[in-house]
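Whenever a hint applies, use it, and build me the whole structure from the sequences.
Residue strings, one per chain:
Protein chains: 4
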Amino acid sequence: MLTGMQVAIIGGDLRQIEVIRKLSTLDTSLYLIGFDQLDDGFLGVENKTFETVDTDLLDAVILPVNGVNHNGEADTVFSGHPQVLEEKWLAKTPEHLKIYTGIANKTLKNIAQQSEKSLVELMNRDDLAIYNSIPTAEGAVMLVIQHTNVTIHRSNVLVTGFGRVGQTIARTFANLGAHVSVVAKERELLARIYEMNLTPIPLNSLNDAVSEADVVINTIPAHILTSTVIAKMQNHVLILDIASKPGGTDFNFANKRGIHAILTPGLPGLVAPKTAGIQLAELLSTLLEKQWIDQKGGRH
Amino acid sequence: MLTGMQVAIIGGDLRQIEVIRKLSTLDTSLYLIGFDQLDDGFLGVENKTFETVDTDLLDAVILPVNGVNHNGEADTVFSGHPQVLEEKWLAKTPEHLKIYTGIANKTLKNIAQQSEKSLVELMNRDDLAIYNSIPTAEGAVMLVIQHTNVTIHRSNVLVTGFGRVGQTIARTFANLGAHVSVVAKERELLARIYEMNLTPIPLNSLNDAVSEADVVINTIPAHILTSTVIAKMQNHVLILDIASKPGGTDFNFANKRGIHAILTPGLPGLVAPKTAGIQLAELLSTLLEKQWIDQKGGRH
Amino acid sequence: MLTGMQVAIIGGDLRQIEVIRKLSTLDTSLYLIGFDQLDDGFLGVENKTFETVDTDLLDAVILPVNGVNHNGEADTVFSGHPQVLEEKWLAKTPEHLKIYTGIANKTLKNIAQQSEKSLVELMNRDDLAIYNSIPTAEGAVMLVIQHTNVTIHRSNVLVTGFGRVGQTIARTFANLGAHVSVVAKERELLARIYEMNLTPIPLNSLNDAVSEADVVINTIPAHILTSTVIAKMQNHVLILDIASKPGGTDFNFANKRGIHAILTPGLPGLVAPKTAGIQLAELLSTLLEKQWIDQKGGRH
Amino acid sequence: MLTGMQVAIIGGDLRQIEVIRKLSTLDTSLYLIGFDQLDDGFLGVENKTFETVDTDLLDAVILPVNGVNHNGEADTVFSGHPQVLEEKWLAKTPEHLKIYTGIANKTLKNIAQQSEKSLVELMNRDDLAIYNSIPTAEGAVMLVIQHTNVTIHRSNVLVTGFGRVGQTIARTFANLGAHVSVVAKERELLARIYEMNLTPIPLNSLNDAVSEADVVINTIPAHILTSTVIAKMQNHVLILDIASKPGGTDFNFANKRGIHAILTPGLPGLVAPKTAGIQLAELLSTLLEKQWIDQKGGRH
Ligand SMILES: NC(=O)c1ccc[n+]([C@@H]2O[C@H](COP(=O)([O-])OP(=O)(O)OC[C@H]3O[C@@H](n4cnc5c(N)ncnc54)[C@H](OP(=O)(O)O)[C@@H]3O)[C@@H](O)[C@H]2O)c1
Ligand SMILES: NC(=O)c1ccc[n+]([C@@H]2O[C@H](COP(=O)([O-])OP(=O)(O)OC[C@H]3O[C@@H](n4cnc5c(N)ncnc54)[C@H](OP(=O)(O)O)[C@@H]3O)[C@@H](O)[C@H]2O)c1
Ligand SMILES: NC(=O)c1ccc[n+]([C@@H]2O[C@H](COP(=O)([O-])OP(=O)(O)OC[C@H]3O[C@@H](n4cnc5c(N)ncnc54)[C@H](OP(=O)(O)O)[C@@H]3O)[C@@H](O)[C@H]2O)c1
Ligand SMILES: NC(=O)c1ccc[n+]([C@@H]2O[C@H](COP(=O)([O-])OP(=O)(O)OC[C@H]3O[C@@H](n4cnc5c(N)ncnc54)[C@H](OP(=O)(O)O)[C@@H]3O)[C@@H](O)[C@H]2O)c1
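Sequence lines, in order, name chains A, B, C and D.
Note that the UniProt record's numbering has the first sequence beginning at 1, numbered continuously upward.
Note that the UniProt record's numbering has the second sequence beginning at 1, numbered continuously upward.
Note that the UniProt record's numbering has the third sequence beginning at 1, numbered continuously upward.
Note that the UniProt record's numbering has the fourth sequence beginning at 1, numbered continuously upward.
One should not assume that every hint holds.
No copy is singled out in the list; a pair is fine if it fits within one copy or between any two copies.
Mimicking DSSO-like on lysine-lysine, the simulated pairs with C-alpha atoms at most 27 Å apart in a straight line are [unchecked claim]:
no. : residue 1 : residue 2
1   : Lys274    : Lys117
2   : Lys48     : Lys117
3   : Lys109    : Lys232
4   : Lys296    : Lys232
5   : Lys296    : Lys117
Bear in mind the hints are in silico, worked out from the structure with no lab data behind them.
Printed below as a string of structure tokens:
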């Protein structure tokens with residue numbers, strides 16, 4: 001239980017509903033900032049603003065999964081306008097306050113550093129990234145079905161990268177009957193790809209492998225689908241770039257060649273906000289409980 | 001090869017492009033009716049109308065997958081207006097002419113009978129229905145991802161019916177990590193469901209099973225999801241009714257209860273017109289070759 | 001419940017233990033013939049002989065899964081000698097008595113006909129045959145692992161026949177990572193094989209397909225793996241003939257060519273007697289309940 | 001190519017045949033020690049003894065997968081007696097000589113150190129360990145089918161450990177229709193287990209989870225299946241201990257309780273020596289080529 005812990009939630013999308021629900025059942029004192037259009041009545045939850053919330057007592061601040069943009073604005077679907085997180089507001093909160101965010105850009109890291117608050121990046125964690133890979137893969141499936149005129153079944157799908165998301169995507173498309181090839185660098189990843197009955201492609205053979213693909217799904221956050229690589233692709237190929245902005249694709253060149261290439265950020269929040277929200281809520285409640293116990297000086 | 005065979009294609013959707021492509025490579029003499037907006041130039045293919053085509057020499061007529069509506073109109077996406085198939089036009093064609101259609105309603109059956117032409121219903125064939133089940137299942141996957149806020153992975157999916165389409169849908173959702181239950185009547189189908197590691201539900205237990213489902217996908221062309229059954233469902237359930245019109249769902253009652261229920265005809269043409277078209281083209285060319293050989297009096 | 005019903009079980013293997021256990025819990029009066037070495041004490045169960053059992057009161061006789069041999073002998077692992085089922089013994093039982101057996105040869109059919117008793121062949125039933133296909137497939141997996149020096153993973157497995165057993169075997173080996181091809185005659189079976197992401201082989205292409213196989217598993221009860229076909233196989237191939245005796249393989253020719261070919265009857269009883277016994281017991285109890293209700297004149 | 005490279009292979013099992021075959025095609029000069037009973041004639045391969053081989057020219061020594069025992073003996077199935085690897089023999093070989101072995105015990109490490117030769121432990125490599133996990137998992141499947149009287153399908157299988165072998169075993173049994181639970185410590189492994197549609201069990205819940213298992217497969221090389229854990233198991237459970245000797249099971253206690261527990265070393269060599277040998281040969285040839293190029297001073 002988190003009885004007595006004071007937490008502010010600043011903006012976000014549908015996923016935050018599950019966070020609010022979970023923290024409310026744990027008896028947290030919750031203050032919502034940027035939720036003026038939210039109707040649901042949760043126990044122990046109050047709508048506030050940066051001005052009206054009692055900064056002195058706050059133990060934690062929860063930002064949207066995407067954190068803030070370069071102006072420090074936290075997006076919110078529950079209000080008409082974004083919420084600007086300011087360093088001087090944070091400065092008023094207690095020293096022990098922690099900031100929880102999905103991902104953190106430079107702006108957010110600066111704000112945190114200057115206000116001397118510790119910042120927890122949830123999406124850096126392998127466990128959450130793996131849970132998140134499930135709705136991400138389903139989002140990719142949806143987009144491929146929408147944007148091709150053939151079935152996934154028996155089509156050639158090339159996945160670049162075999163990390164937390166790449167593994168899930170590769171398996172998911174194989175389970176739908178696609179012929180899946182996976183590009184990776186390390187020998188042990190290539191061995192695992194082989195064991196999983198997918199076709200392993202060493203990174204330096206990408207150029208050759210790409211020419212047979214009907215669909216290319218990139219998960220490598222680096223400039224991997226260069227113009228040279230795209231030049232080798234079939235005309236009808238669909239490129240789905242899953243990697244975080246700006247993706248790993250030369251979109252200009254793809255465009256010139258008339259190849260359909262889509263950058264697809266935020267799939268979990270798009271296709272399964274409830275599932276993604278529950279995953280987030282589970283992890284956040286575990287971390288907050290740990291913080292709360294530490295703060296109170298050990299397990300009670 | 002179909003050299004010399006004269007075939008008219010009357011209307012249709014993107015799937016017919018693959019039929020035209022295939023028959024053109026087999027050297028068929030093709031006359032397109034209702035394709036005035038089609039640009040692609042295929043070898044040996046001419047645009048015609050009911051008036052300009054030479055009826056005396058026709059060997060076969062190919063209708064859209066959906067056949068004609070109750071006014072005898074064949075829909076076409078390649079022209080501004082539908083093409084009306086008339087009995088008196090058919091009467092002018094040779095006795096041996098065959099009419100190929102996906103499905104046939106009463107109107108079409110009447111027209112065929114009165115003009116004494118034999119009518120081939122392709123979707124009645126088990127093989128085509130099974131090939132078609134693949135894009136149908138992918139269409140169902142796409143719709144479920146779009147219309148729920150949770151992942152298919154670990155959700156409870158109930159499939160009613162375990163025929164040509166039901167089997168494919170059940171397997172597909174299980175491969176995506178759903179807990180799949182399947183409703184069937186026959187003991188041998190229940191055994192196969194068990195063997196496939198799905199949960200078998202005898203038809204008379206439908207009422208109980210339905211209460212745990214997050215998604216219900218109906219493939220039984222009979223009034224199966226009655227108000228009594230729907231009354232047992234969870235509020236957040238999504239009903240996908242795959243069965244041919246009018247489906248098997250009491251949509252009025254679902255609507256009253258605020259349950260989201262969708263009738264989803266024509267998924268293959270929607271999500272994978274090329275794959276579905278190729279399947280159609282393969283079968284049609286096999287059947288036309290058989291007709292052509294028979295007509296010419298045996299294999300040459 | 002089967003309270004009052006009098007049933008004789010004549011010989012059998014470990015599977016009968018599960019039948020005895022199940023029928024005993026249903027309160028059947030059970031007489032065991034040919035079980036003198038069985039120790040387990042089940043409630044309401046008595047050891048008898050053909051001579052000491054009270055024939056007048058018997059409602060049903062249960063034979064081993066394999067029925068009797070051509071001498072009318074029922075094998076039994078629970079006694080030193082087989083039990084001979086005689087027509088004149090059966091003649092003494094009531095007219096309504098039913099004989100339950102797995103399979104029935106000519107001898108058994110004659111005995112039943114002459115004593116005017118109805119004979120139920122359980123293995124003819126699709127449901128039991130499908131349940132049985134599960135331990136059968138696992139038996140095949142075990143034998144292939146034992147008798148090859150390569151992994152099933154990535155090896156070429158050819159399955160002939162896609163009936164109740166063939167489907168299960170094909171899926172099982174594919175799930176272990178084999179490249180599975182399946183030979184079938186009907187177009188709709190070939191379509192299902194394609195949908196299941198296996199390689200469909202029309203029966204008339206068997207000769208070509210066989211040359212790439214590392215393992216051939218036959219489920220067709222006909223002379224299919226002839227010397228002509230075997231001549232096309234690789235030297236290192238393993239043939240597993242699952243079809244009932246005498247199988248579908250020219251074992252002499254295989255032997256001459258030095259090709260390893262095994263006839264593998266009775267896999268379920270061999271590898272999973274408990275599972276197979278439970279399946280049998282489930283079905284038998286359903287059928288006996290139906291008989292008992294009919295006999296007593298309708299449901300009570 | 002390895003033209004000119006001089007390699008001695010000392011003992012081993014059937015897997016070495018594939019190593020010999022591969023290195024022979026690469027034109028290596030091969031000396032076999034302890035292969036007097038091997039008949040196959042490979043090109044460029046000579047039978048030798050420790051005495052007759054020309055130590056001065058050797059570039060590499062290949063030991064059996066199991067290395068040597070505590071007496072320094074390398075087992076061999078191709079000779080009547082083991083081959084004793086002696087430090088003073090090694091001392092005579094060139095400084096640059098490398099010793100390749102599957103695993104290395106203390107004895108072998110000592111011998112290598114004292115003779116100042118570098119020692120390469122192949123089974124330490126993630127890639128080979130993953131390739132090896134495939135025949136290992138098939139060996140486990142074979143043993144479970146042999147040693148239980150139920151099917152793997154629908155049985156409860158608990159796998160402890162989710163490393164290179166554990167992952168493969170867990171997936172393999174799930175693909176055969178078992179309900180698979182996997183015990184792991186790290187949160188990210190538990191997330192991956194969840195994503196793969198298996199049941200994740202945190203290590204500290206092992207005690208509870210074990211009570212439902214029909215089969216327990218241990219891959220953790222630590223004393224994990226203690227008497228306390230075994231005490232919670234069902235009577236009919238089968239324990240397969242895959243971990244390297246002495247395994248992680250209290251075999252004495254299991255024995256006392258009448259629980260069937262098997263230590264199963266060397267599965268790949270047992271069930272798929274050819275596949276395992278090819279994997280080994282692939283890796284060895286890559287490593288030898290690298291050594292050869294380095295030795296000759298860069299790529300030519
Ligand atoms: N669109 C969405 O909705 C969505 C959802 C989730 C994640 N994502 C994004 O997807 C991307 C992948 O996420 P993840 O969790 O799978 O990350 P990850 O576990 O770190 O995997 C990244 C993979 O890319 C490879 N890689 C990285 N840099 C490389 C380079 N320069 N050259 C070649 N390979 C390289 C890595 O291989 P090595 O290990 O060998 O470096 C690894 O296989 C991230 O950008 C993430 O933000 C997007
Ligand atoms: N939406 C789309 O895009 C799309 C695509 C393809 C097909 N479809 C439609 O989907 C439906 C199913 O097609 P299919 O090819 O799978 O047909 P199918 O092979 O005939 O299967 C129908 C299933 O429904 C069962 N069934 C039929 N009538 C029943 C009744 N009165 N009560 C209980 N069960 C009953 C059948 O069981 P028994 O064998 O025991 O009767 C069988 O399991 C059809 O209406 C078809 O037109 C729609
Ligand atoms: N070894 C064991 O432990 C074990 C266990 C279970 C079963 N079995 C045996 O395995 C065999 C198969 O059993 P099942 O239940 O799968 O039978 P099934 O459902 O009848 O399937 C038999 C298959 O063989 C095909 N077939 C039959 N005769 C053919 C012919 N002359 N030419 C080409 N194809 C032919 C059938 O195709 P069509 O439908 O087109 O005819 C069907 O695909 C039986 O002999 C059975 O006794 C053995
Ligand atoms: N019988 C055979 O034929 C055969 C074949 C291949 C391998 N093996 C043996 O199988 C074993 C596993 O091999 P592997 O390649 O899978 O090794 P691995 O990749 O290192 O995996 C070992 C697993 O055990 C866990 N683990 C290790 N020590 C632990 C401890 N004290 N407490 C809890 N968990 C612990 C590891 O978790 P952490 O990462 O969290 O430590 C990891 O999940 C080895 O002993 C290997 O020699 C046997």
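Verification of the supplied hints:
For the identical chains of this complex, Lys274 and Lys117 are neighbours neither inside a copy (29 Å) nor across copies (56 Å), given an alpha-carbon limit of 27 Å. Proximity of Lys48 and Lys117 under a CA criterion of 27 Å is satisfied intra-copy only: 21 Å inside one chain copy versus 71 Å between copies. Neither within a single protomer nor between protomers do Lys109 and Lys232 lie at most 27 Å apart by alpha-carbon distance, with minima of 40 Å and 50 Å respectively. Neither within a single protomer nor between protomers do Lys296 and Lys232 lie at most 27 Å apart by alpha-carbon distance, with minima of 60 Å and 37 Å respectively.
For the identical chains of this complex, Lys296 and Lys117 are intra-copy neighbours only, at 18 Å inside a copy versus 57 Å across copies, given an alpha-carbon limit of 27 Å.
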